[in-house]
Amino acid sequence: MAKDGLVDKLRSLIRGSGERGALTPRLEEKLRAQLRECAEGQGGEVSARARAARLAETYAGLDDAGRRRFLKIIALEFGPDPEQVAGAHAAYQVAVGTPGQWNAESALRRAMRSSRIRILTQFNAIPQGVKFLVDLRADLLRFLEQDPDLAALDRELESRLSAWFDVGFLELHRLTWHSPAALLEKLIEYEAVHEIRSWTDLKNRLDSDRRLYAFFHPRMPDEPLIFVEVALTDHLAGNVQELLDEHAPVFDHRKADTAIFYSISNTQVGLRGVSFGNFLLKRVIDDLKRDFPRLSQFATLSPLPALAAWVRRNPAVLAEAGIELSLEALSTGTWAADKTLQRALRDPLQRLAARYLANAKQASGAPFDPVSRFHLGNGARVERLNYLADSSPKGFRQSFGMMVNYLYEFDDIERNLEAFASDGRIAMSAGVRRQARDK
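Mapping the sequence shown onto this note's numbering, position 380 (from 1) lands on 380, and the numbers just tick up by one.
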């Protein structure tokens with residue numbers, strides 16, 4: 001197959017088209033031989049790229065069982081040679097304290113460097129190679145749940161991706177209604193917090209009183225890695241349906257003094273563990289301050305995505321907060337149509353949410369809520385709880401309609417961040433802390 005045809009086929013397979021087949025014994029042996037050639041670096045740069053492209057094409061055309069076997073071959077058969085590592089380690093121990101120590105240390109590093117790294121690096125060099133590796137890791141994460149033999153390969157690939165996706169290499173772009181349609185379609189597909197229901201909904205989120213920013217990698221120019229949606233307002237927003245109302249009048253952004261971050265979506269499953277969300281917020285805040293000097297308040301309107309899961313694990317907390325409805329009844333949201341119940345549940349649900357944010361922890365001691373971990377880890381403060389702030393089915397299912405504002409107060413960010421990192425202390429407004437203590 002000609003090189004151009006191979007690249008086109010690879011691109012097509014990465015996009016998900018084409019049939020996927022089984023890894024036959026004959027194909028497995030051919031694949032193993034090609035992997036050995038990759039690991040040994042046989043041939044020049046051109047032949048190495050062509051070989052890596054053929055391997056990527058083979059992988060992209062396999063079914064899940066074949067892909068899993070492909071990855072397992074790399075994981076188990078291309079690690080460091082134990083005998084070489086043992087020999088290099090023994091030589092290093094003998095050389096410690098002598099002039100030959102640093103040469104022995106270098107030899108030990110070379111012995112511990114697995115052939116897996118050489119194989120992965122060659123994939124990086126082919127057209128669409130970075131996207132191929134990101135998608136390959138998404139597969140790897142799925143398979144890893146049932147196959148711990150893949151853990152070493154996952155750690156090495158995560159390490160490579162962390163280096164390749166260092167924030168210094170990323171480009172921040174503002175996306176508008178005039179951005180390419182293919183890119184706008186991906187925003188609809190990738191939105192993970194508040195579903196984009198239509199093109200009209202998307203257009204509303206890109207209007208003059210809104211901003212949407214995304215990080216891109218130069219080798220993946222058509223794929224946003226993470227994006228944040230911002231509303232320019234004159235108040236601390238407390239209801240996401242009002243914020244996303246397509247029929248609401250457009251706010252005069254020249255009068256805005258508050259920027260509300262209401263959705264942050266990671267788009268690439270294969271980049272799990274590669275963190276750049278905090279850098280995105282800092283870059284966006286700098287851009288907004290430059291364009292809108294009147295802005296004095298930067299806050300979020302955030303979900304509590306694990307509140308219901310925490311209650312499920314700790315059912316006694318409902319009664320302790322003064323809530324008589326069951327978890328199932330709260331999750332349906334039907335109670336919100338009853339004005340009497342709506343009034344009766346306001347204080348208890350705010351109390352429940354405040355205690356959740358103040359006290360719910362993982363085994364590691366970190367906050368149970370993933371969104372809370374993110375914003376507290378960036379130096380924000382839990383500012384205000386919002387009752388019936390998300391009346392969508394998802395909002396009731398995850399958090400009984402509750403949402404929270406995290407506030408980024410610039411004079412306090414470093415102090416909050418240091419207190420959270422050193423002893424897990426959570427920055428909270430006096431009002432939310434009082435709700436957490438209420439009986």
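Hints in this document: simulated from the structure, not taken from any laboratory. Glycine included, every Cβ here is placed at the ideal spot set by N, Cα and C. Any given hint might turn out to be false.
Computed list of lysine to any residue pairs in SDA-like fashion (alpha-carbon distance at most 20 angstroms, straight line) [said to hold, decoys possible]:
| # | residue 1 | residue 2 |
| --- | --- | --- |
| 1 | Lys203 | Asp245 |
| 2 | Lys131 | Arg113 |
| 3 | Lys72 | Arg26 |
| 4 | Lys361 | Arg425 |
| 5 | Lys30 | Lys72 |
| 6 | Lys30 | Glu83 |
| 7 | Lys282 | Pro305 |
| 8 | Lys30 | Ala86 |
| 9 | Lys394 | Ser198 |
| 10 | Lys186 | Thr267 |
| 11 | Lys339 | Arg355 |
| 12 | Lys131 | Val85 |
| 13 | Lys282 | Thr267 |
| 14 | Lys289 | Gly322 |
| 15 | Lys203 | Met220 |
| 16 | Lys361 | Pro293 |
| 17 | Lys72 | Ala151 |
| 18 | Lys289 | Ser275 |
| 19 | Lys72 | Val167 |
The following label-pair restraints were derived from C-beta to C-beta distances [said to hold, decoys possible]:
| # | residue 1 | residue 2 | range |
| --- | --- | --- | --- |
| 20 | Arg197 | Ala329 | 43 to 53 angstroms |
| 21 | Gln342 | Asp166 | 40 to 50 angstroms |
| 22 | Phe169 | Ala430 | 54 to 64 angstroms |
| 23 | Gln146 | Asp286 | 42 to 52 angstroms |
| 24 | Ala329 | Gly273 | 29 to 39 angstroms |
| 25 | Gln241 | Arg343 | 13 to 23 angstroms |
| 26 | Glu246 | Ser162 | 37 to 47 angstroms |
| 27 | Val250 | Gly273 | 34 to 44 angstroms |
Do the hints match the structure? See the list:
1. Lys203 <-> Asp245: With a Cα-Cα distance of about 12 angstroms, the restraint between Lys203 and Asp245 holds, given a limit of 20 angstroms.
2. Lys131 <-> Arg113: 24 angstroms, violated
3. Lys72 <-> Arg26: 17 angstroms, holds
4. Lys361 <-> Arg425: Between Lys361 and Arg425 the Cα gap is close to 12 angstroms, so the pair holds against 20 angstroms.
5. Lys30 <-> Lys72: 15 angstroms, holds
6. Lys30 <-> Glu83: Not OK: Lys30 and Glu83 at ~27 angstroms, beyond 20 angstroms, violated.
7. Lys282 <-> Pro305: 23 angstroms, violated
8. Lys30 <-> Ala86: 31 angstroms, violated
9. Lys394 <-> Ser198: 17 angstroms, holds
10. Lys186 <-> Thr267: Given that 20 angstroms is the threshold and the Cα spacing comes to 9 angstroms, the pair holds.
11. Lys339 <-> Arg355: 25 angstroms, violated
12. Lys131 <-> Val85: Status violated; Cα separation ~33 angstroms.
13. Lys282 <-> Thr267: Between Lys282 and Thr267 the Cα gap is close to 19 angstroms, so the pair holds against 20 angstroms.
14. Lys289 <-> Gly322: Outside the cut-off at roughly 43 angstroms; violated.
15. Lys203 <-> Met220: Violated: Lys203 and Met220 sit about 24 angstroms apart, past 20 angstroms.
16. Lys361 <-> Pro293: 38 angstroms, violated
17. Lys72 <-> Ala151: 10 angstroms, holds
18. Lys289 <-> Ser275: Roughly 24 angstroms separates the two Cα atoms, so the pair is violated.
19. Lys72 <-> Val167: 30 angstroms, violated
20. Arg197 <-> Ala329: 43 to 53 angstroms: Given a distance of about 27 angstroms, which is not inside 43 to 53 angstroms, the answer is violated.
21. Gln342 <-> Asp166: 40 to 50 angstroms: 49 angstroms, holds
22. Phe169 <-> Ala430: 54 to 64 angstroms: 42 angstroms, violated
23. Gln146 <-> Asp286: 42 to 52 angstroms: 44 angstroms, holds
24. Ala329 <-> Gly273: 29 to 39 angstroms: With Cβ atoms ~37 angstroms apart, the hint holds.
25. Gln241 <-> Arg343: 13 to 23 angstroms: 19 angstroms, holds
26. Glu246 <-> Ser162: 37 to 47 angstroms: 39 angstroms, holds
27. Val250 <-> Gly273: 34 to 44 angstroms: For Val250 and Gly273 the Cβ distance comes to about 39 angstroms; the hint holds.
Comparing the model with each earlier hint shows violations of hints 2, 6, 7, 8, 11, 12, 14, 15, 16, 18, 19, 20 and 22; every other hint is respected.
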